[in-house]
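Visitor: So the sequences go chain by chain: W and R. For the first sequence, position 1 matches number 1 in this note's numbering, and the numbering has no gaps at all. For the second sequence, position 286 matches number 705 in this note's numbering, and the numbering has no gaps at all.
Just to be clear, a hint being listed does not mean it is correct.
Claimed, not checked - Okay, the calculated bits of chain R under chain W, using three or more residues with CB under 8 Å as the criterion:
id : stretch
1  : 445-456
2  : 480-486
3  : 615-625
Stated by the list, open to error - Over the 12 Å line for every Cβ pair with chain W, so calculated as not near, a few chain R residues:
id : residue
4  : L545
5  : Q570
6  : L586
7  : E702
Worth flagging that the hints you see were computed from the coordinates, not collected in a lab. Where a beta carbon is used, it is the ideal one built from N, C-alpha and C, also for glycine.
Take a look at the letters that make up each chain.
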Amino acid sequence: MNQINQMNQINQMMTGNLAAAWGARLADVDYVPAFPITPQTEIVETLSKWCGNGELNARFVTLDSEHSMMTAAGSAAATGARVFTATSSQGLLHAFEVLYTVAGWRVPFVLVNVSRALASPITLEPDHNDVLAARDSGFLQIHAETCQEVVDSILMAYRIAEDPRVCLPAMVNLDGFVLSFTREPVILPNPEQVKLFLPPFRPAHLGFKASAPHALGTAVLGGSTYSYFRHQIHLASMNALHVHEEAAVEFERLFGRRYDVIEGYRIEDAEDVLVMTNAFASKGKVAVDAAREEGRLVGLLRLRMIRPWPADAIRHALQGRRAVAVLDQNLSPGQGGILFQEIAASLYHDALRPRALCSFIGGLGGKNLSEGEFRAIFEQTAEAGVRGKGIGPVLLYTEAEHREMEQLQFLAHELKTGR
Amino acid sequence: MTAIRFHGRGGQGAKTASRIVGTAAFLEGYQAQDSPIYGAERRGAPVSAFTRIAKEPIRERGLIARPDLVVIADASLIPDPAAHVLEGIDERTAVFVNSSISAELFYAQTSLPGRLTTLDLTEIALQHYGKRGAISALLGAVAGRLVGLRQESIREAIARELADLGLATDVIERNQTVAAQCYEALQTVALDTGSRRPAASAQLRAPTYEPPTRGTASITAGPNSAIRSVSGWRTFRPVLRPDLCNGCWLCFASCPEGAITIKPDGKPAIYYPHCKGCLDCVEVCPTDAMTVERETNVV
Numbered sequence: 001m002n003q004i005n006q007m008n009q010i011n012q013m014m015t016g017n018l019a020a021a022w023g024a025r026l027a028d029v030d031y032v033p034a035f036p037i038t039p040q041t042e043i044v045e046t047l048s049k050w051c052g053n054g055e056l057n058a059r060f061v062t063l064d065s066e067h068s069m070m071t072a073a074g075s076a077a078a079t080g081a082r083v084f085t086a087t088s089s090q091g092l093l094h095a096f097e098v099l100y101t102v103a104g105w106r107v108p109f110v111l112v113n114v115s116r117a118l119a120s121p122i123t124l125e126p127d128h129n130d131v132l133a134a135r136d137s138g139f140l141q142i143h144a145e146t147c148q149e150v151v152d153s154i155l156m157a158y159r160i161a162e163d164p165r166v167c168l169p170a171m172v173n174l175d176g177f178v179l180s181f182t183r184e185p186v187i188l189p190n191p192e193q194v195k196l197f198l199p200p201f202r203p204a205h206l207g208f209k210a211s212a213p214h215a216l217g218t219a220v221l222g223g224s225t226y227s228y229f230r231h232q233i234h235l236a237s238m239n240a241l242h243v244h245e246e247a248a249v250e251f252e253r254l255f256g257r258r259y260d261v262i263e264g265y266r267i268e269d270a271e272d273v274l275v276m277t278n279a280f281a282s283k284g285k286v287a288v289d290a291a292r293e294e295g296r297l298v299g300l301l302r303l304r305m306i307r308p309w310p311a312d313a314i315r316h317a318l319q320g321r322r323a324v325a326v327l328d329q330n331l332s333p334g335q336g337g338i339l340f341q342e343i344a345a346s347l348y349h350d351a352l353r354p355r356a357l358c359s360f361i362g363g364l365g366g367k368n369l370s371e372g373e374f375r376a377i378f379e380q381t382a383e384a385g386v387r388g389k390g391i392g393p394v395l396l397y398t399e400a401e402h403r404e405m406e407q408l409q410f411l412a413h414e415l416k417t418g419r
Numbered sequence: 420m421t422a423i424r425f426h427g428r429g430g431q432g433a434k435t436a437s438r439i440v441g442t443a444a445f446l447e448g449y450q451a452q453d454s455p456i457y458g459a460e461r462r463g464a465p466v467s468a469f470t471r472i473a474k475e476p477i478r479e480r481g482l483i484a485r486p487d488l489v490v491i492a493d494a495s496l497i498p499d500p501a502a503h504v505l506e507g508i509d510e511r512t513a514v515f516v517n518s519s520i521s522a523e524l525f526y527a528q529t530s531l532p533g534r535l536t537t538l539d540l541t542e543i544a545l546q547h548y549g550k551r552g553a554i555s556a557l558l559g560a561v562a563g564r565l566v567g568l569r570q571e572s573i574r575e576a577i578a579r580e581l582a583d584l585g586l587a588t589d590v591i592e593r594n595q596t597v598a599a600q601c602y603e604a605l606q607t608v609a610l611d612t613g614s615r616r617p618a619a620s621a622q623l624r625a626p627t628y629e630p631p632t633r634g635t636a637s638i639t640a641g642p643n644s645a646i647r648s649v650s651g652w653r654t655f656r657p658v659l660r661p662d663l664c665n666g667c668w669l670c671f672a673s674c675p676e677g678a679i680t681i682k683p684d685g686k687p688a689i690y691y692p693h694c695k696g697c698l699d700c701v702e703v704c705p706t707d708a709m710t711v712e713r714e715t716n717v718v
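When you get a sec, could you build the whole thing from the sequences and use the hints?
Guide: Next up, the structure:
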């Protein structure tokens, strides 16, 4: 089964979670602070096993919560250790204040988030309200579509995060269930070549140790010092766009696979473009193929890097289109789709901005995106383009699902009133 | 592309079966993808798993709405609406049911629309293993046979997947032997995996605001547990002997489902439609007042 390809890489079936663990292992991390949460658990279980049996020469520590875990991750990175950690959903939110804190410390490490919709009501299945809640924290964000992209993105994330022009922690996102528990063929990069891609971590501004204590993130009242350092974080994040490109070139040279901050699928001649992220973008590509067979000139733009926001690349990919639909797998109550807002802002000043921008909300709590729903998106987007006026936010919710909900409401009423 | 959907109960091995088929296909040089769907629940709960096999890289993801083959590990799942066993089955779908009933009789009883094959895997497992356990290797062998995978790759895939679960070599070899019998007992079916009629555009309807009495998640608590019987999940049921009960309420406190209530006389009562048969109450009972009875088939 372990087929070896021409670049001396091993091809095998693995889940997104196992691919994430392999990313950490290939990056030869030193320290893994951990706290388990569904659907991330397989990642830390695997790393625990590898640290236990010596396959990975790293210190594995289970902390008492994600809050402590993220503090430990940032602190360990401040000593100059290469750090990996992972969480999901409620766990990410439990660590929330620390995300901002460690980004301010300018400590590079990689955090994998396995997307799971937030309570309440509680669920285990994916959407992106968890990871997008952290978009203002200062962490870089890379969103993966395939299990292959999970392992590759972790390696790229270390290289970008550790670059002196960036020095920020990075988040790599994969969807719970749809990637985390899904096996597909993954080519594991050769460890020797990974060493070429990812030289040892030697941060000039870090190196905290017991004999040489120093403070990170001390109090700065008055605002001007604070403004300066926060703005430095912004500039560092923006630098990551260029550093990503360099990393992508080198990654392709060594491993033969290319990842850019955005990915266009059949968009060259597309009149209308659907914007998506993460694993369901694969389904979007199938839907594009189906629509093209019926003569619709549609394409798909997948956002891979969400922070920093690749505004220029997005503007370039979407200018001149008749209509653009953004399928947000998230919902900001009282506003709508989060990515729709950012796409709209990116296009506002473009003279060739699309005639219509459409906002769709779908896949909340892991709800499937059906062929029929994609069809509806393409039809409504085309109509909006002809009309020259956008729509939304439109929730992808079908008549059949309404009937199930009405049945539930009917039963609830019956129970309450004693039938 | 060939799309296979497995339906089983937690613990039966549907997920591992989907992996066995995925690995076997991968060994034969195909692209493969396998994934399970399950909730936070436990042994006995409905589980689905999906395997896709193709020559080209696979872009479909998640649940399989229109399967080419459906493998049903437990016939009691068919009438359970929560299991969605019948979804997307039409006259061109191949369907396998783990059942002692012949395909003809089964068809007459259930009028499943698909093309049916049956084999009593549970009985075969009982004969060879002597106890009711996971039948993942057999389900994998059956599915692999029906879609035309080679016996050697199934055999190798069983070894890899069961070793991954930490099973001993002799257990794995026994599974391979019995799986080979199941493989040989069936014929490959001609699957019609050609292009299907495109799905119709979804009829979307925007939800409107409802008052909190209807529009908040609090309403799911009652109907979810009140109307949903989990009796079918049990292999064993706890039975209380009131004469031995000391009224300590430990069973009441430990029941994860709230299926045990306390009567006015202070003694517990089990509400069986909500009892999944986990037997936690039996474990905690200090006076052995909670006894165990084997469930007869509830199909």
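Visitor: So R/L586 supposedly isn't at the interface. Is its beta-carbon more than 12 Å from every beta-carbon in chain W?
Guide: holds, 17 Å
Visitor: Taking the minimum C-beta separation from R/E702 to chain W, is that value above 12 Å?
Guide: Non-interface label stands for R/E702: nearest chain W Cβ at 24 Å, farther than 12 Å.
Visitor: Do three or more residues of the stretch 445-456 of chain R come closer than 8 Å to chain W, measuring C-beta to C-beta?
Guide: Answer holds; 9 residues pass the 8 Å Cβ test.
Visitor: For R/L545, is the shortest beta carbon distance to chain W beyond 12 Å?
Guide: holds, 30 Å
Visitor: Between the stretch 480-486 of chain R and chain W, see if three or more residues pass the 8 Å beta-carbon test, and mark the coverage as holds or violated.
Guide: It holds: at least three residues are needed, and the stretch 480-486 of chain R offers 4 whose Cβ sits within less than 8 Å of chain W.
Visitor: Please verify the coverage claim for the stretch 615-625 of chain R: does it have three or more residues whose C-beta sits within 8 Å of some C-beta in chain W?
Guide: That given contact holds, which follows from 9 residues of the stretch 615-625 of chain R lying within Cβ reach (below 8 Å) of chain W.
Visitor: Run the C-beta distances from R/Q570 to all of chain W and say if the shortest one exceeds 12 Å.
Guide: holds, 16 Å
Hint violations for this structure: none, all hints satisfied.
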